[in-house]
Amino acid sequence: MKHQLDYLDELEAEAIYILREVAGQFEKPALLFSGGKDSITLVRLAEKAFRPGKFPFPLVHIDTGHNFIETIEYRDAMMKRIGEKLIVGYVQDSIDEGKVVEQKGKNASRNALQTVTLLDTIAKYQFDACIGGARRDEEKARAKERIFSVRDEFGQWDPKRQRPELWNIFNGKIHKGENVRVFPISNWTELDVWNYIRREKIELPTIYFAHEREVITRNGQLMAASPFLNMDEQDVIEKRNVRFRTVGDMTCTAAVESYAFQIDDIIDEISASRISERGARMDDKVSEAAMEDRKKGGYF
Amino acid sequence: MDILKFITAGSVDDGKSTLIGRLLYDSESILLDQLEALQRSNRKNDDGSIDLAILTDGLKAEREQGITIDVAYKYFQTEKRKFIIADTPGHIQYTRNMVTGASNANLAIILIDARKGVIEQTIRHSFLVSLLGISQVVVCINKMDMVDFSEDVYGKIVADYEALAEKVGLKHVHYIPVSALKGDNIVNKSFNMPWYKGESLLHLLETIEVKVDYSRAHARFPVQWVIRPQTEALHDYRGYAGRVSSGSFKVDDKITVLPSGFHSSISKIELLDEEPAEAFAGMSVTIHLKDEIDISRGDVLVNSSNKPEVAQMIEADLCWMDTRPLDTSLMYFIQHNSKVTRCKIQEVVYKVNINTLEKEFSEDFKLNDIGRIVIKTAEPLAFDLYQDNKANGGAIIIDSRTNVTVGALMLRAAVEN
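Going line by line, the protein sequences match chains A and B.
Per our numbering: the first sequence = residues 1 to 300.
Per our numbering: the second sequence = residues 1 to 417.
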């Protein structure tokens, strides 16, 4: 027998190992599910880690209310298939409770508000570990984050006080009130995720594939026209063939022009692409240190 | 295609970030928006070209200070391999970060400034690479453009380093003269150094062999989690979930559970719907045994023909990673694979001056100190000697007051009581 793990097998094995460490080390873990391809990949990895048993954690979705309908349909169908527990935290509830204030103006988005809802949901259910689908190749602040990333009771990440992480030994010990964000696919790149999805034949929400959609161009990017986007007479709605490279809030996720209808087309497109994935996220563009600042404040 | 994990060791001034930036840039691993961000930024080299070091500087705090403060991970791939780089700072107070990055690396790139040659930090980095057991070392003699691409300068540094390598016990050392700034011998062979007959850095990284221990003798499987659905259909299902840390297991292999010492044999290996006949180092699987015995997280399954050490008094090399010094009167936690138990440091045998490699005898053990200690654990550990089997020979120390990881241990020998 050939003793060499293909890179996808190695990444998969590492992610399964990390998920099982979460199960073994924490009392009340949760898996943060966004409906995006990275968290969908995590669900597949959790099946590999724990079947035929149940997942030792519920899925948690932080719902901004500004969703692509395709994502919610996908989520509900998936939950039915896997038979696990889903907890939804609504940003609308945080707004109604007066904990956050809806942004105004043209670039208004609920993306920043979801941090509060996330922290409230963590506090309400007393989650001590939250598994997320972030990857180090997405962004330069992420490149420095540990796989087990400890947050204080305010959800803050302190890049200068990270625990050393050696070998495959993950230290999940925390004080009451703290929690750990765990990133099992830290070492995957965008292309790795797509190749894995193809290999495992994982179904995705349809918005990942090219489709005709009404969009407007804003700040040089294509945004899906929707009731959630504040538009004025300068905005011109046009029909374009697009797909989405990430799935976030409708007001902060830009589309790219695409004719990639199948997963093979997407992999070809990404292999040739000169725009990295987070380039299609408006929320990172605000300042060069945008992600670092948001993470310090408790973002995923 | 496999994965090569490597670290780069060098100081702020050796052009380490530039070297990594150059690897990414010349292998076309920089994406358009990153390039735009680079061009927007107003940091340029003296000749007006893009400062590639920006590609690896992640944090606002670092950009302000112009230094690298933590381990940054970078990814790129070529047609032959996928690479994961742990970019570790070379400044002395960040020894702990280098140890962290080195713990998972298959290969280390050690950077030497051609104008300076082998200096104190080179000794430090080489010692740490040896301590952490990285088997392959590439010495990049950088800034060759600043010494007129001189073969003599290169030759002298190689000779100096060979002496150092012998002293710290590094065996597989490769040497490449490079200019990260200009791109010489990074991705493509340099026309400026026709006297250098070896390969470029990238070519070496693509082709170098990574040795992994797949022997049956070193088969080790730390149990992370027990899968027991306890449903009607799966009433008797009991699977041990974990990742093979070294060696390989096959169905019917006789195994011993440690530390309890119970014996059984493997009835089935599972990975979701697949049933591989063999599970080897790196694979995450679920193992079933023929006998029903009491096994839980923290236990390790080993091949019965070759057992690791089982001990509570262990001699180990320690790297201290916390601002609060080691307190030998205090109880700490030790975490070794999936096993966590309490421990005390019984004795500091010696410390190593990592700049001179001389042994020193002192009781105190502070941040970034490295030395030999004797540790006593509350429960027995089933471990291999780090020098024989890294995967089952490393452990961490956790401060029970702060829960922070404060020490890295390379377990070296069981101590007779």
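The reader is advised that the hints may include incorrect statements.
[To be verified] Some chain B residues close to chain A (C-beta under 10 Å, calculated; not the full set):
id, residue
1, 1
2, 3
3, 71
4, 76
5, 150
6, 153
7, 251
[Unchecked claim] Heads up, simulated DSSO-like pairs for lysine-lysine below, C-alpha to C-alpha not over 27 Å straight-line:
id, chain 1, residue 1, chain 2, residue 2
8, A, 28, A, 54
9, B, 5, A, 160
10, A, 201, B, 80
11, B, 268, A, 201
12, B, 268, A, 54
13, B, 359, B, 376
It should be emphasised that the hints constitute simulated quantities derived from the structure, not laboratory data.
Predicted model, so just to flag it, every value in this text is computed and none were measured.
Idealized CB from N, CA, C, for every residue including glycine.
- [ ] For the pair we were handed, residue 268 of chain B and residue 201 of chain A, check the Cα-Cα distance against 27 Å.
- [x] holds (26 Å)
TODO: Mind checking the alpha carbons of residue 359 of chain B and residue 376 of chain B for me, to see if they're no more than 27 Å apart?
DONE: holds (23 Å)
Task: Given hint residue 80 of chain B paired with residue 201 of chain A - CA-CA distance at most 27 Å - done: holds (25 Å)
Open item on the list: So, as I understand it, the hint says residue 150 of chain B touches chain A; can you test that by seeing if any CB pair is closer than 10 Å?
Closed with: violated (36 Å)
- [ ] Would you check the hint for residue 5 of chain B and residue 160 of chain A, treating anything up to 27 Å between C-alpha atoms as holding?
- [x] Holds, at roughly 24 Å.
Task: chain A contact restraint for residue 3 of chain B - C-beta distance below 10 Å - done: Since the shortest Cβ distance to chain A is 5 Å, the answer is holds.
- [ ] Have a go at the residue 71 of chain B hint: is there a Cβ in chain A nearer than 10 Å to its own Cβ?
- [x] holds (7 Å)
- [ ] Using Cβ atoms only, decide whether residue 153 of chain B comes closer than 10 Å to chain A, and label the hint accordingly.
- [x] Violated: closest Cβ of chain A sits about 34 Å from residue 153 of chain B, beyond 10 Å.
Open item on the list: Hint validation: residue 1 of chain B versus chain A, beta carbon distance must be below 10 Å. Holds or violated?
Closed with: This interface hint holds because 5 Å falls under the 10 Å limit.
- [ ] Compare the distance between the alpha carbons of residue 28 of chain A and residue 54 of chain A with 27 Å, and conclude whether the hinted pair is satisfied.
- [x] Holds: residue 28 of chain A and residue 54 of chain A sit about 14 Å apart, inside 27 Å.
TODO: Could you check if residue 76 of chain B really has its C-beta closer than 10 Å to a C-beta on chain A?
DONE: holds (9 Å)
Task: Given pair status - residue 54 of chain A, residue 268 of chain B, alpha carbons within 27 Å - done: Answer holds: residue 268 of chain B to residue 54 of chain A is near 20 Å, not above 27 Å.
Taken one by one, the earlier hints fail for this structure at numbers 5, 6 and 7, listed in ascending order.
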